[in-house]
Amino acid sequence: MSDDTTRLFIGLVGVLLTASVVAGVLSWRSPKPLRSTLDNLNARIKAWWIMVAGISFAFLFGTGGVILLFAFVSFAALREYVTLTNTRHADRWTLLGMFLIINPVQYYLIWIDWYGLYSIFIPVYCFLAMPALTAMRGDTSRFLERVSEQQWGIMLSVYCISHVPALVTLPIPGNEGRGLLLIAFLIATVQGSDVLQYVFGKLLGRHKVAPSISPSKTWEGLIGGIACASLMGAGLYWLTPFSPLEAGALAALSCVMGFFGGLVASAIKRDRGVKDWGHMIEGHGGMLDRADSLVFAAPVFFHIVRYAWT
Amino acid sequence: MRGGASLLQIASGSLLAVLARAVTGVRPIWAGSAPNGRQRIYFANHASHGDFILVSTCLTPFERSRTAAVAGADYWGSGRVRQFISRRLLRTVLVERNWVERTADPMQVMLDALDTGQSLIFFPEGTRNMTEEPLLRFRSGLYNLAAARPDVELVPCWIENMSRVLPKGALLPIPLLCRVVFGESVMLNEGEDRKIFLDRARQALLALAPQKDGNSR
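First to last, the sequence lines map onto chains A and B.
Under the numbering used here, think of the first position of the first sequence as 1, with each following residue one higher.
Under the numbering used here, think of the first position of the second sequence as 1, with each following residue one higher.
The shape of chain B in the complex, shown without the other chains (with noise of 0.2 Å):
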């Protein structure tokens, strides 16, 4: 039932879950992927720290503890305290974005982690998008994966508000409503090539979004 997860990462996930609802009241929307106990890769829109706790909130229990979120190791784990709620608090998988430095191959270590059953949260863009653009350009990450691992889901996963709940540099959040939207899975084509591919995952991401009149699913 643990999948994999120590008691520690259990608790505190279940914490941040109940912390996460008090604060934001998050509720998924299970638009065309509800949840059905195969291994996954939520793809997200990045723009806080808190939204992988927001993804990971929405999920089944069980899901919740066999999912890990992809960061970035030269954030994460760096320092004491931050290394400390990566590796031991939350189940995170850290990759190493620095390609030049790097000592490991942040492919395979994500890869390593499907391979021993774990769900990811992964943030295709690469890094928290600071800009007006909605979404920025998907890195090659998503497509290496699906490529290797086609048995994997890819689910869609559009965070709403979670960037004015706790945008960069905040520490406090502020109590807003925020929402997760889970699109239907993207499945890579027999030799699909990778830029279309990519942009075909990314408009699916971006479809989920809420149009700019305001209107709401």
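For reference, chain A alone in the conformation it holds in the complex (with noise of 0.2 Å):
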């Protein structure tokens, strides 16, 4: 394993360096001031670089560090959801439990590797008791509008994202001891799927895919990110317990998935009338304006990885 880790650090610290030369060079070449486009690129591999240290270091205290390095997110992600919502006096209650219990819980489970539980708690429990809580109150003002935000929070903030860590604890035979390396393909590939879809999306992009979400979402970006990516995937498949066909083919459809996460991101922001999440991460915003697409690919490549290999 620890042969495999290397390999992956030191491609991933060849693939940053060769970015951030090129953006070096690009910002030298370039008339001063930096146009905005620039700027946001430098910023954004600034960034990287902390998150590539960010979750390498999590890596190093094995599985315990990614599934606290992810309650983290969950908690950032959470957070941000929950300022764009609308909240009432009562629905404090409900709101701290989601931070202090439902999180804390979800995470538990998970390094306590009880499927049984972890993979039905939100959508079961927490989906009857949070609204339960909410009505006890008597506040009924907007009492659907409120119960739904609340739901769509703690999935896509707490229960979704709880399925990269998850990825650990699936017993995949021959691939014992090797859970964190699928995590860092599913991120690999999802985050590279990004990047690409960016790249692909400013150098050639012409014709948008939904002009009223967002205006940097192309066809050309799209299509050249996807396949981009999917061809990286193949490629790693040496993380994995996958052929390199096969690999290619799950990190196509989480690219696909990660695509939708973050479509619908954009569209609950545009409802909002806000750029971003937050802005906790330079260059990128928020903490979910970079985990939405893996929001969506992590569940759907869990349990296809469950379904076919274990």
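Hints are supplied without guarantee of correctness; some may be wrong.
[Unchecked claim] Only some residues are given here: those of chain A computed to face chain B with a beta carbon under 8 Å:
1) E80
2) R92
3) G278
4) M280
Hint data in this document are derived by calculation from the structure and do not stem from the laboratory.
Even glycine gets a Cβ: it sits at the ideal position worked out from N, Cα and C.
Fit chain to chain and form the complex, with the hints in mind.
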């Protein structure tokens, strides 16, 4: 395992170094002050260095480190999400419960590897308990709206994201002790697809996919990015228990899901009149701006792998 | 470097800043009044006990150590726990709001604090705003301070979302993103009428609030 981890790490650093050098040359040769695209590109690459460092650091601590990392990602995502929703005084206990009880319990259940409960804890028990608690407080104004927003928030930010570290618990025959690499495979392909879609969109983008939702999502970016990222996923098959073909197909599926995640997140932001979810990651916006694709990709990837490989 | 604050006050101020960042991810938006080292009165909208923590979290460590919050003595000076918090743990200037029973002139208390070089966090509405209105009418305090100490900068600070994080009567904060927008400083013009100045200052603060359609700067 350590050999593959080292290879992956060296590969990542190589990609980031290349990106930094290319962006550095571009910045050096273009007229000052820099265009905002280039400024943003530099900020994004810098943030990528920090994110890769953070993820690598968590991986050093094994499963526990990765679970803690994603519990934090969920916390930050939920905080950004709830900030944009309608909250009333009567929602306080439900909201506090989402942050202080549901999020820690969900990740604890993954830590103790209790699949039977972590897969239904939120969609069954919290789904029913949260509106009950809200109703007990008696405030019916916009009740349906408030309750639905809470459900959505907990599903997107906690339930879906928690399926990334849950990959480590999958008992895939012949893959013992390599669960973290499966996580690395998913993150690398989905985030790689985001970056490649951005690059292809900037270079070739002409035809918008959904002009009323996002001006930056184009068919050229979508097809080029997903095709490239799927090839990359096939090339990363050595991280996984899959054959190159299987790895490519799973990568393609994850990237398509990731695209839908970004699209839905954009629709929510557009509805609420904001450009970014927050300001946590410079150049990228908030945590959800970076994690929206993983939100949609992780549960589907998890269940397909679970169905077909265990 | 300590600006007259005790070590305990500096420590608890830093701790509160760490906590405030963990819960609210608060970020200052400097819209015309970047930190410049001058003595200042930060005047802000007020709906939560957490308000002054957010403003002081946004300041540089030095500015934070010399900045005191102006608070009501009737609330923060009563009871042992509150007294310990307001006098020992935090840096506050307690003023008596009830002017029938008061023993010290609030203006004099605040001017004394300014004269020792402190910056102040001041809530010109006089109390926490529990109405649907974004901002109440300003009391005269801000005008009196501006007239008495014209060298001190008056910086409007719009505090966003804190009333949702920690509303009146709540013990535990809900984690939500907050921002504090620091606007251009307001100056009292030569011979300017009290009401006109207060209205101008109020408009300067209101102008920093996000628009209703939710657009952020």
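Hints, one by one, checked against the model:
no.	hint	verdict
1	E80	holds, 6 Å
2	R92	holds, 7 Å
3	G278	holds, 5 Å
4	M280	holds, 7 Å
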